[in-house]
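In order, the protein sequences belong to chains A and B. Quick note on full-length UniProt numbering: the first sequence kicks off at 1 and runs consecutively. Quick note on full-length UniProt numbering: the second sequence kicks off at 1 and runs consecutively.
Worth flagging that the hints you see were computed from the coordinates, not collected in a lab. Cβ atoms here follow ideal geometry from the backbone N, Cα and C, with glycine treated the same way. Honestly, I wouldn't trust all of these hints.
Calculated pairs, EDC-like style, for lysine to aspartate or glutamate (alpha carbon to alpha carbon, straight line, at most 16 Å) [unchecked claim]:
| # | chain 1 | residue 1 | chain 2 | residue 2 |
| --- | --- | --- | --- | --- |
| 1 | A | Lys298 | B | Asp281 |
| 2 | B | Lys298 | A | Asp25 |
| 3 | B | Lys258 | B | Asp281 |
| 4 | B | Lys270 | B | Asp236 |
| 5 | B | Lys298 | A | Asp236 |
| 6 | B | Lys270 | B | Asp244 |
| 7 | A | Lys214 | A | Asp236 |
| 8 | B | Lys298 | A | Asp23 |
| 9 | A | Lys298 | B | Glu18 |
| 10 | A | Lys298 | B | Asp25 |
Covered stretches of chain A, going by a simulated chain B footprint (3 or more residues, C-beta under 8 Å) [unchecked claim]:
| # | segment |
| --- | --- |
| 11 | 142-154 |
| 12 | 305-314 |
Protein chains: 2
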Amino acid sequence: MVSLILVGFGGVGRALVEIMQNDADYLRSNFGFVPVVKAICERQGSLIDDNGLNLSNLLDLGDIASSPYWQAGLTTLEIIQEIKADILVECSWASNDGEPAFTVLKTAMQKKMHIVSSNKPPFYLKYGELKQIAQEKGVMMRIESTVLSAVPALAAETTLAGAHISSIRGILNGTCNYILTRMTQSKLPFKEALKEAQDLGYAEADPTMDINGKDAAGKIVILSNALLGWNKTIHDIKVQGIEDVTAEDIERAKREHKYIKHVCQAKDGKLSAGIELVPMDSSLAIMGSLNLVEFETKHAGPYTFIGRGAGGFEAASGVLSDIIHISTQLYDSKKENL
Amino acid sequence: MVSLILVGFGGVGRALVEIMQNDADYLRSNFGFVPVVKAICERQGSLIDDNGLNLSNLLDLGDIASSPYWQAGLTTLEIIQEIKADILVECSWASNDGEPAFTVLKTAMQKKMHIVSSNKPPFYLKYGELKQIAQEKGVMMRIESTVLSAVPALAAETTLAGAHISSIRGILNGTCNYILTRMTQSKLPFKEALKEAQDLGYAEADPTMDINGKDAAGKIVILSNALLGWNKTIHDIKVQGIEDVTAEDIERAKREHKYIKHVCQAKDGKLSAGIELVPMDSSLAIMGSLNLVEFETKHAGPYTFIGRGAGGFEAASGVLSDIIHISTQLYDSKKENL
Numbered sequence: 001m002v003s004l005i006l007v008g009f010g011g012v013g014r015a016l017v018e019i020m021q022n023d024a025d026y027l028r029s030n031f032g033f034v035p036v037v038k039a040i041c042e043r044q045g046s047l048i049d050d051n052g053l054n055l056s057n058l059l060d061l062g063d064i065a066s067s068p069y070w071q072a073g074l075t076t077l078e079i080i081q082e083i084k085a086d087i088l089v090e091c092s093w094a095s096n097d098g099e100p101a102f103t104v105l106k107t108a109m110q111k112k113m114h115i116v117s118s119n120k121p122p123f124y125l126k127y128g129e130l131k132q133i134a135q136e137k138g139v140m141m142r143i144e145s146t147v148l149s150a151v152p153a154l155a156a157e158t159t160l161a162g163a164h165i166s167s168i169r170g171i172l173n174g175t176c177n178y179i180l181t182r183m184t185q186s187k188l189p190f191k192e193a194l195k196e197a198q199d200l201g202y203a204e205a206d207p208t209m210d211i212n213g214k215d216a217a218g219k220i221v222i223l224s225n226a227l228l229g230w231n232k233t234i235h236d237i238k239v240q241g242i243e244d245v246t247a248e249d250i251e252r253a254k255r256e257h258k259y260i261k262h263v264c265q266a267k268d269g270k271l272s273a274g275i276e277l278v279p280m281d282s283s284l285a286i287m288g289s290l291n292l293v294e295f296e297t298k299h300a301g302p303y304t305f306i307g308r309g310a311g312g313f314e315a316a317s318g319v320l321s322d323i324i325h326i327s328t329q330l331y332d333s334k335k336e337n338l
Numbered sequence: 001m002v003s004l005i006l007v008g009f010g011g012v013g014r015a016l017v018e019i020m021q022n023d024a025d026y027l028r029s030n031f032g033f034v035p036v037v038k039a040i041c042e043r044q045g046s047l048i049d050d051n052g053l054n055l056s057n058l059l060d061l062g063d064i065a066s067s068p069y070w071q072a073g074l075t076t077l078e079i080i081q082e083i084k085a086d087i088l089v090e091c092s093w094a095s096n097d098g099e100p101a102f103t104v105l106k107t108a109m110q111k112k113m114h115i116v117s118s119n120k121p122p123f124y125l126k127y128g129e130l131k132q133i134a135q136e137k138g139v140m141m142r143i144e145s146t147v148l149s150a151v152p153a154l155a156a157e158t159t160l161a162g163a164h165i166s167s168i169r170g171i172l173n174g175t176c177n178y179i180l181t182r183m184t185q186s187k188l189p190f191k192e193a194l195k196e197a198q199d200l201g202y203a204e205a206d207p208t209m210d211i212n213g214k215d216a217a218g219k220i221v222i223l224s225n226a227l228l229g230w231n232k233t234i235h236d237i238k239v240q241g242i243e244d245v246t247a248e249d250i251e252r253a254k255r256e257h258k259y260i261k262h263v264c265q266a267k268d269g270k271l272s273a274g275i276e277l278v279p280m281d282s283s284l285a286i287m288g289s290l291n292l293v294e295f296e297t298k299h300a301g302p303y304t305f306i307g308r309g310a311g312g313f314e315a316a317s318g319v320l321s322d323i324i325h326i327s328t329q330l331y332d333s334k335k336e337n338l
């Protein structure tokens, strides 16, 4: 059994609870994983039950504030002080300064909790500080879903350890990729392609962070810190978006047998995020809303991982892989199954 | 420090020693990994030094039998009885019955050593038996390079744990893929494409196991056992090779906007390995000598991993990732870096 405090019950948090509930048998038999959710924290208050909340009942509630375990006004920081849990799972929200998530994560590690997060800003702003606290306190910090949801990009720290990653590049924003794909394949104008992406749920109602390149830039910052040992922030990268790409640009590229793509890169100590012309037979020439990350290695050439980089269940899947990883580390008896 | 017995000093074993030597600083600072190679076993005898062999000196030797630490006739099984090491690393050879590798791996686990192997036959013949011994003895069994070298396919057991893998398919043999690619893109006849693959070093002098599909079939057997919890052997799969593919077949497929590919699959309890017509825009339509594995998941769609699936340094990189994984499990002090 591993005990959790869950911060945030939006799309990701709710999907996480749903998977843990519906996959309970698979998770127990394959990974010895039996979660006990001691608290769920939202902005207006918290659900709390030291014996573990009933996940099935929870999912039946439209509004968790209607639960008998709901305590209005009880804050996440109060919960962290009051409740002892193995892992704090943070799937909430952060503004441009990384708060309130940053303080929540920091406080939880200071209380010796391991942390799992799907929240980007704390990690593209203050990765070094959080990593240092994790090391000082001897806790694990797993943040797969801050990058490409469940695509095991950050896991490459260990899974490609022997190959020795030397640089990273990728198509790190599905909305940008979808818009450019539609402009390329069906000659849609930018605005129409964006509208379609919004209608299909790929782009947010406010798609600014997607199309101005900042979302993708934050991801390459996190990748470079975690996998190349850098200590960068979003302020160390010059970011170009896709707003100014025209139908003419795309047609000109095609005549040179190239596609226009939004590419992020971490190489030779430098970060970049912007428009690139890539050959039509390049591994980066991936179409649709898919994401792609490619690791160049010292000993074994490039490795490419492709998958959906966004979505509630996708992010929750990555969060759950991180939770299971920590859980199997905590319980020696399961080590033979690693 | 982690102590190793290395079985086999051919292309993979030698590449492994070279990487451990040349990347010593990177491995120590990133993973706290400091290997002590206590013995290297070959068919004619073994090198042995309980204080750890000097890897740099070893690499300078053309023939390891000329080392002062060489003991002619000393067998791997004698070494396993005599020497205490954390991990037995098996990069040797096995015939169609899995021997001598199977007995070596089994004996090492019975002596409570963790094992890492790049040798396919023991695992596509007797996966269940070896896994059971590992569980009974509480040792780890890591075999990434038995499938696609350093492509972290078997690592998906944990890295995609949350997404819940439901089926697997892939292009699992680089020689087949190269031959079909050349037949498709340059209209080469089969025999000429095969000759080219041999000249370039993709195919073995005896390419039988590649082109008859058995090599790829062995890999999907191992993938299904490790990731889907099956207990299959190579005898449970009907295997088709690429020997009978003609130029006409390929042109006919092209007219339907399809490519001919050698595809392996594990789905709904069934294994397959053979020729398939795949749409030109399918994720399986990968060209050249690259390998590809795709995991369908219950919660987050498909995940595709692409990379080089063969070669001495590629296999050694996968073996080393496995060794590092075990090493970090053994030493708690490094856990915060996981």
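Right, here's what the structure says about each hint:
Between the alpha carbons of lysine 298(A) and aspartate 281(B) the distance comes to roughly 31 Å, so the proposed pair goes past 16 Å and is violated. A distance of roughly 14 Å separates the Cα atoms of lysine 298(B) and aspartate 25(A); the hinted pair therefore holds under the 16 Å criterion. Between the alpha carbons of lysine 258(B) and aspartate 281(B) the distance comes to roughly 8 Å, so the proposed pair stays at or under 16 Å and holds. Proposed proximity of lysine 270(B) and aspartate 236(B) is supported: the alpha carbons are some 9 Å apart, at most 16 Å.
For the proposed pair lysine 298(B) and aspartate 236(A), the alpha carbon gap of about 38 Å is over 16 Å, so the pair is violated. As the CA atoms of lysine 270(B) and aspartate 244(B) are separated by approximately 24 Å, the hinted pair breaks the 16 Å bound. A C-alpha spacing of about 12 Å is found between lysine 214(A) and aspartate 236(A), which places the hinted pair at or below 16 Å, so the restraint holds. Straight-line distance between C-alpha atoms of lysine 298(B) and aspartate 23(A) comes to about 10 Å, which keeps the hinted pair within the 16 Å bound.
Note on lysine 298(A) and glutamate 18(B): the hinted pairing holds, with a Cα-Cα distance of about 13 Å set against a maximum of 16 Å. A distance of roughly 14 Å separates the Cα atoms of lysine 298(A) and aspartate 25(B); the hinted pair therefore holds under the 16 Å criterion. Check on the segment 142-154 of chain A: 4 of its residues sit with their Cβ under 8 Å from a Cβ of chain B, so the three-residue criterion for coverage holds. With 7 residues having a beta carbon nearer than 8 Å to a beta carbon of chain B, the segment 305-314 of chain A meets the requirement of three or more and the stated coverage holds.
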